[in-house]
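Trainee: Chains A and B, in that order, are what the protein sequence lines are. Each residue of the first sequence is one higher than the one before, counting from 1 in my numbering. Each residue of the second sequence is one higher than the one before, counting from 1 in my numbering.
None of these hints come from the bench; they were simulated from the model. Each hint should be verified, as a subset may be incorrect.
What follows is a list of derived Cβ distance ranges for each label pair [what the hints assert, rightly or not]:
no.: 1; chain 1: B; residue 1: Ala68; chain 2: A; residue 2: Ala308; range: 28 to 38 Å
no.: 2; chain 1: A; residue 1: Ala397; chain 2: B; residue 2: Arg136; range: 28 to 38 Å
no.: 3; chain 1: A; residue 1: Ala283; chain 2: B; residue 2: Ser139; range: 47 to 57 Å
Beyond 10 Å from chain B on every Cβ pair, some chain A residues (computed) [claimed, not checked]:
no.: 4; residue: Ala7
no.: 5; residue: Tyr8
no.: 6; residue: Arg10
no.: 7; residue: Leu25
no.: 8; residue: Leu33
no.: 9; residue: Arg43
no.: 10; residue: Ala116
no.: 11; residue: Glu127
no.: 12; residue: Thr240
no.: 13; residue: Ala244
no.: 14; residue: Leu275
no.: 15; residue: Val318
no.: 16; residue: Gly320
no.: 17; residue: Ala321
no.: 18; residue: Met327
Glycine included, each C-beta is placed from N, C-alpha and C at the ideal position.
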Amino acid sequence: MLSLALAYLRERGLVTILNILLLALAVAMLIVLLLFSSQAADRFARDSQGIDLVVGAKGSPLQLILSSVYHVDTATGNIPLQSLDLLRKDPGVARAIPLALGDNFRGFRIVGTNPAFVAVHGAKLAEGRMFAAPAEAVLGADVARQTGAGLGQRFAGSHGLADDESQAHAATPFTVVGILAPTGTVTDRLILTSVASVWAVHGIAPHPDEAEHAGHSHEQSAVLDPRGSPQPEITAILVTYRNAMAAIRLPAAINRETALQAASPAIETARLLGLFGAALDGARLFAWMLAAIGGLSIFVVLLSAARAREGDMALLQVMGATRAQVMGVVLLEGLLVAAAGALAGLAIGHLLIALARASFPTLAAIGLQPWVLHPGEAAILAAVLAIGVLAALIPAARVFNTDLARTLSRGS
Amino acid sequence: MQLLDLQHVSFRQGQSDILQNLSFQMPRGGHRLLLGPSGSGKTTLINLIAGLYTPDSGSIRIAGTDMASLPRPARDALRRRHIGIIFQTLRLVSALSLRGNLQLAQRLAGKPRDGAEIDRLLAALGLRHRADAALRQLSQGEAQRAAIARALAARPDLLLADEPTSALDDANADRVAKLLLETAAATGTTLLIATHDARLKAHIADVTELAPC
Ligand SMILES: Nc1ncnc2c1ncn2[C@@H]1O[C@H](COP(=O)(O)OP(=O)(O)OP(=O)(O)O)[C@@H](O)[C@H]1O
Ligand SMILES: [Mg+2]
């Protein structure tokens with residue numbers, strides 16, 4: 001029966017291919033949407049884990065979160081180093097980690113911070129040790145893999161976020177002292193160093209005490225540098241609360257009483273996903289409509305085919321096929337078209353994500369993975385197969401009301 | 001016991017009596033010609049014997065069983081077990097190749113797949129070179145021989161052939177008649193040929209004449 005169903009599908013090859021394409025398109029779209037939304041939400045959640053609040057320069061809160069948590073946008077500006085000490089003194093703050101951004105190496109961001117940053121993302125060293133002295137750097141797993149840099153490698157960052165060798169700070173190279181194990185977070189794509197190292201690159205003299213201890217004696221001089229060189233500034237501060245009260249008090253206090261901006265990754269991410277979500281829902285609805293149209297077109301094709309092959313269907317029965325077998329041929333045709341569409345769609349969907357990832361670095365940066373399977377894909381495939389069988393049901397049921405003798409004596 | 005036993009069969013469509021009080025018997029392995037002009041009810045009688053129609057009166061027994069007394073699934077099973085039909089309208093499945101049609105017949109009849117038998121039949125009917133051709137390419141006469149080959153491939157106990165020679169020239173009609181009779185003899189097949197073609201009288205002695213209605 002399978003070979004007969006295949007023979008019928010081959011006989012109207014063009015129509016069969018069009019049906020398969022229609023379903024494949026719908027499935028590909030559903031797969032892309034599913035993978036994108038689930039992976040993006042996953043990734044957003046993982047990257048912002050342990051970060052309750054981000055404090056940075058005034059501007060768009062979303063931009064602040066994107067730049068200092070997800071490392072995809074430019075920073076809103078810089079803030080004085082003393083803000084770090086103010087925050088650390090606050091009883092509601094368990095942990096405050098400085099970030100100094102601005103440079104990159106071959107497109108990978110160089111982040112001036114302290115070793116606590118690594119702990120926030122649960123990263124572990126795969127090789128070497130943590131950065132300590134100025135100009136020492138630790139590479140994320142992807143950075144090491146893609147640049148091929150190993151321990152002891154020296155490299156110079158260039159200014160900005162884009163990879164522009166003409167702006168390289170060749171005079172102040174970094175040395176790789178450690179490489180992190182993969183974490184599946186943004187850390188994989190970062191180059192970590194001390195805040196002082198970032199300052200050094202830009203000719204800012206760090207205080208003898210260095211950023212980590214600045215709070216004790218240098219909070220005034222950090223703003224008014226006595227030597228007149230540029231002030232030691234940082235880009236943002238990642239804050240972890242000590243208690244729930246802080247979540248209510250701290251952001252409001254910062255936004256109202258200081259020149260700084262405080263933004264919550266959870267709130268901004270939810271806002272972003274909400275914006276995306278509406279668009280994704282619309283696209284998803286469209287894709288399911290496409291799948292329904294695919295089913296409808298299978299139905300129309302099979303129905304007209306059933307009419308055209310009434311003679312064949314009658315013949316099969318007179319030659320010994322049961323009605324169930326004859327119905328099975330038609331159902332099988334619907335199922336085969338749906339299965340081919342589903343599988344083609346699956347392949348196209350994943351391929352599209354791979355292509356998108358290759359052509360848009362941002363998608364690679366948020367860690368969009370083309371070659372993983374999501375459990376939801378099984379549900380999509382099952383739904384499409386069901387559409388195929390459902391579309392074939394009525395055409396198949398025609399075997400119950402054909403007059404065999406009359407059908408067979410009509411000319412073929 | 002007779003393989004086929006018709007007793008006083010009458011059948012009408014609408015107002016017109018097509019068959020009236022028709023009786024004949026065929027033993028296993030027997031041959032009979034059903035001769036009658038166009039419209040005399042030959043195809044109708046074949047449909048009756050195949051159990052696709054039910055006689056208005058009289059009985060038709062296949063291997064002792066009256067099809068009319070059976071529910072549809074049992075009737076289908078009886079037909080599948082005993083009867084093969086060469087349709088006047090041929091009814092080749094155009095989505096399949098010629099060989100595919102023969103294989104399908106063997107499978108649907110529940111017979112083991114027998115490629116050698118298929119090759120032998122195609123050769124005997126002068127169709128070997130067309131075995132894998134698309135059916136649309138066959139000439140009318142080739143298509144008729146293909147339909148005969150398909151019916152023989154399933155090795156039915158009772159072969160009902162409806163106008164198997166209508167599209168054939170004398171030489172081919174002769175060849176087909178001989179092949180039908182030889183195959184029937186070799187396999188013990190009971191052969192009923194419905195035709196208006198008096199040429200076939202030369203091959204088969206037992207004749208039932210149907211009068212025009
Ligand atoms: N479904 C039907 N309804 C009404 N009349 C029918 C039907 N089928 C056949 N007939 C009539 O029954 C008669 C016998 O038809 P049948 O097809 O059995 O003839 P036939 O001997 O096979 O003729 P031919 O040699 O042309 O094939 C014809 O007069 C035909 O018009
Ligand atoms: Mg006829």
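Trainee: For every hint, state whether the structure bears it out.
Mentor: Status of each hint after checking the structure:
Restraint check, Ala68 (chain B) to Ala308 (chain A): a C-beta distance of roughly 32 Å satisfies the suggested window 28 to 38 Å. Distance hint for Ala397 (chain A) and Arg136 (chain B): a CB-CB separation of about 29 Å, consistent with the stated range 28 to 38 Å. Between Ala283 (chain A) and Ser139 (chain B) the beta carbon distance is about 56 Å. The supplied range of 47 to 57 Å therefore holds. Distance check on Ala7 (chain A): its Cβ comes as close as 4 Å (rounded) to a Cβ of chain B, failing to clear the 10 Å threshold; non-interface status is violated.
Taking the minimum C-beta to C-beta distance to chain B, about 5 Å, the non-interface status of Tyr8 (chain A) is violated against the 10 Å cut. Not every C-beta of chain B lies more than 10 Å from that of Arg10 (chain A), the closest at about 7 Å, which undercuts listing it as non-interface. Consistency note on Leu25 (chain A): stated as away from chain B, and its beta-carbon is indeed over 10 Å from all of that chain's, at 27 Å minimum. Here Leu33 (chain A) stays apart from chain B, with its beta-carbon at least about 38 Å from theirs, past the 10 Å limit.
Residue-level check passed: Arg43 (chain A) sits 50 Å from the nearest beta carbon of chain B, beyond 10 Å. Look at Ala116 (chain A): its CB is around 71 Å from the nearest CB on chain B, clear of 10 Å, so calling it non-interface holds up. Every CB of chain B lies more than 10 Å from the CB of Glu127 (chain A), the least distance being 64 Å, so the non-interface label holds. For Thr240 (chain A), the shortest C-beta to C-beta distance to chain B comes to about 69 Å, beyond the 10 Å cut-off, and the non-interface label holds.
Under the 10 Å C-beta cut-off, the non-interface status given to Ala244 (chain A) relative to chain B holds; the minimum distance is some 71 Å. Remark: the non-interface label on Leu275 (chain A) is consistent with the geometry, its nearest Cβ contact in chain B lying 52 Å away (cut-off 10 Å). Taking the minimum C-beta to C-beta distance to chain B, about 6 Å, the non-interface status of Val318 (chain A) is violated against the 10 Å cut. The Cβ of Gly320 (chain A) does not lie farther than 10 Å from every Cβ of chain B; its closest approach is about 4 Å, which violates its non-interface assignment.
Ala321 (chain A), annotated as away from the interface, has a beta carbon of chain B within 10 Å; the closest lies near 5 Å. The non-interface label for Met327 (chain A) is consistent with chain B: the shortest C-beta to C-beta separation is roughly 14 Å, beyond 10 Å.
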